[in-house]
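*Asks:* First to last, the sequence lines map onto chains A and B. Under full-length UniProt numbering, the first residue of the first sequence is numbered 1, with each subsequent residue one higher. Under full-length UniProt numbering, the first residue of the second sequence is numbered 1, with each subsequent residue one higher.
Don't read these hints as lab results, they were simulated from the structure. One thing to keep in mind: the hints can contain errors.
Derived lysine-lysine pairs resembling DSS-like cross-links, with alpha carbons at most 30 Å apart [unchecked claim]:
hint	chain 1	residue 1	chain 2	residue 2
1	A	Lys139	A	Lys116
2	B	Lys260	A	Lys139
3	A	Lys191	A	Lys251
4	A	Lys116	A	Lys77
5	B	Lys262	A	Lys139
6	A	Lys139	A	Lys191
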Amino acid sequence: MSISVEIKDIVQEYPKPDGKGVTRVCDKISLAFDEPGINMLLGPSGCGKSTILRMMGGVRPIGVPTPTSGTVLIDGKPCDGAHDDAAMVFQRYSNRPDLTVRENVAFPFRMKLWKKKVPKAESEKRITDILAAVGLADKHDLLPAQLSGGQNQRVALARALVLRPRILLMDEPFSALDAQIRQEMQALLVKLYEMQPCLIVFVTHDVTEALTLGDRVITLSTQPARVADDFRITEPRPRSAIWARSTEAVKMEERILNILHAANPGRGELTVTV
Amino acid sequence: MSDDRSLWNPYTPLSPGLRRGLGIGSVLLVLGIWAVAAALALVGPNKLPAPWKVAEAFVYLAWDAENQRSLLLTATMWSVGRILSAFVLTLLIGIPIGVIMGASPRINAVLSPLIDPFRSAPVVALLPIMVMWFGIGESMKVVFLFIGAVVYLIPMVRDAMQAVPQSHWIAARDLGATPWESVRLAVLPMAMPRIADGVIVATSVMWTYITVAEYVNAREGLGQLIQNARRFSAMDQVFAGIIVIIALALITYQLMQMIKRKLFPWETQQ
Chain A
1 MSISVEIKDI
11 VQEYPKPDGK
21 GVTRVCDKIS
31 LAFDEPGINM
41 LLGPSGCGKS
51 TILRMMGGVR
61 PIGVPTPTSG
71 TVLIDGKPCD
81 GAHDDAAMVF
91 QRYSNRPDLT
101 VRENVAFPFR
111 MKLWKKKVPK
121 AESEKRITDI
131 LAAVGLADKH
141 DLLPAQLSGG
151 QNQRVALARA
161 LVLRPRILLM
171 DEPFSALDAQ
181 IRQEMQALLV
191 KLYEMQPCLI
201 VFVTHDVTEA
211 LTLGDRVITL
221 STQPARVADD
231 FRITEPRPRS
241 AIWARSTEAV
251 KMEERILNIL
261 HAANPGRGEL
271 TVTV
Chain B
1 MSDDRSLWNP
11 YTPLSPGLRR
21 GLGIGSVLLV
31 LGIWAVAAAL
41 ALVGPNKLPA
51 PWKVAEAFVY
61 LAWDAENQRS
71 LLLTATMWSV
81 GRILSAFVLT
91 LLIGIPIGVI
101 MGASPRINAV
111 LSPLIDPFRS
121 APVVALLPIM
131 VMWFGIGESM
141 KVVFLFIGAV
151 VYLIPMVRDA
161 MQAVPQSHWI
171 AARDLGATPW
181 ESVRLAVLPM
191 AMPRIADGVI
201 VATSVMWTYI
211 TVAEYVNARE
221 GLGQLIQNAR
231 RFSAMDQVFA
241 GIIVIIALAL
251 ITYQLMQMIK
261 RKLFPWETQQ
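Only chain A is shown next, with the shape it has when bound in the complex:
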């Protein structure tokens, strides 16, 4: 599978609440992704990571021109609106509370776009397969209220992956979960990625999560966000707890923390989970 996503000189400004002047959230950010892989976008909360993710997804709900300047290219073509190459998973999963697990995963196939693209038999098979892959086959007829937070996020993940997206955009998807559930979900994501490799851009403020999952870790500074660091991790996944304590991993962690401290002393919160 080939895929290329390039963002060039992205600047994003929002008007200040008092109407005087603007706040620059992203300052000339350029990034290129040209192969399947898990790319971690790391930075303190509110640094503009989600804004960048949204631009790649194409859906721009905010009443402000997005981006202020710069371009997003997908396979070399400018992307200026919703497109069907990308699916998104948010921290707040938005499963329909009135639909069962299976119906929620089948939800996109109620839309004209996917009805036309994927024949019924094919979509039914995909739904069954992905439900098994995320471990919800036996819970297919439960309602979201009967599931835990982690299970709900599995539904949201399945609902995105059932579309076989070439780009999967994840906006702090596991940060509301308990530490143990978060680790389970990280392991699940690695498994799903091996089954169905695609270009994943994963926004997080958790250094440990970035090191556990990423093929590449991009660190952003805050307000305005700039690319402060960008490196690759070659250690194969799943990465063990032993690797997490290795000199290599600890050095990476220190490197990230140092860069962030230098870029914005005393600002933003960044977490390290053990």
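For chain A, the structure is supplied; the task is to place chain B on it using the hints.
*Replies:* Leaving out everything else, chain B in the frame of chain A:
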């Protein structure tokens, strides 16, 4: 005293038994005061009939053995029939308009100045106009009920749509829905419980307007029954009629609440 038992704790859980007991108690107390006032003739019987007189009137209205008929049943059937017709009309027209207003700020900006003011306008004052337009027959009554209810329903449906968090609309857009599909598949289903609340309120409004609708040239109906009794100064029958309307409105309300809970069991669990 523990906070649990403090009178001024809005979060105290009340056992169903206690709640029912207090409710029945307060109704009985008022009935008692009413009975005493009537028995001691503190208020003239032509102003306040005794509760037992009202009960007698109720029995008579429910079954008039002499003429082998139930005035109450006939009147109720007519009133319920009118409300049902207006209900169907209100739903068919009110919900789609409220939905598109809630889904589009532009459509809302166009329609809300035409609809919202009527929420606080005395719809009763429109009655003469309705009579001019629709005559004094059945259609006038149904249209009057419809107007009275729909001006409440439409803004409530609109508000229900607007109360759905934007994240649902965005999530559907991200998955490939068109903007209208996002409204239909993500926002509308989330708004349904609150839309149902609007339908329940609109129905209650119709029960309050039914008597007004039936004041004008009605041959049948609960409003007419009350109006007729008043003409003959049968205050006991007036009271009985009012109590029947209140009871029917309460039953409708409870029934609709029950249906709502059945339809949207997930609402309270969000």
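*Asks:* All hints, please: hold or fail.
*Replies:* Evaluated hints:
1. A:Lys139 - A:Lys116: 28 Å, holds
2. B:Lys260 - A:Lys139: 26 Å, holds
3. A:Lys191 - A:Lys251: OK: Lys191 of chain A and Lys251 of chain A at ~26 Å, within 30 Å.
4. A:Lys116 - A:Lys77: Given pair Lys116 of chain A, Lys77 of chain A holds - Cα atoms ~23 Å apart, limit 30 Å.
5. B:Lys262 - A:Lys139: OK: Lys262 of chain B and Lys139 of chain A at ~22 Å, within 30 Å.
6. A:Lys139 - A:Lys191: 20 Å, holds
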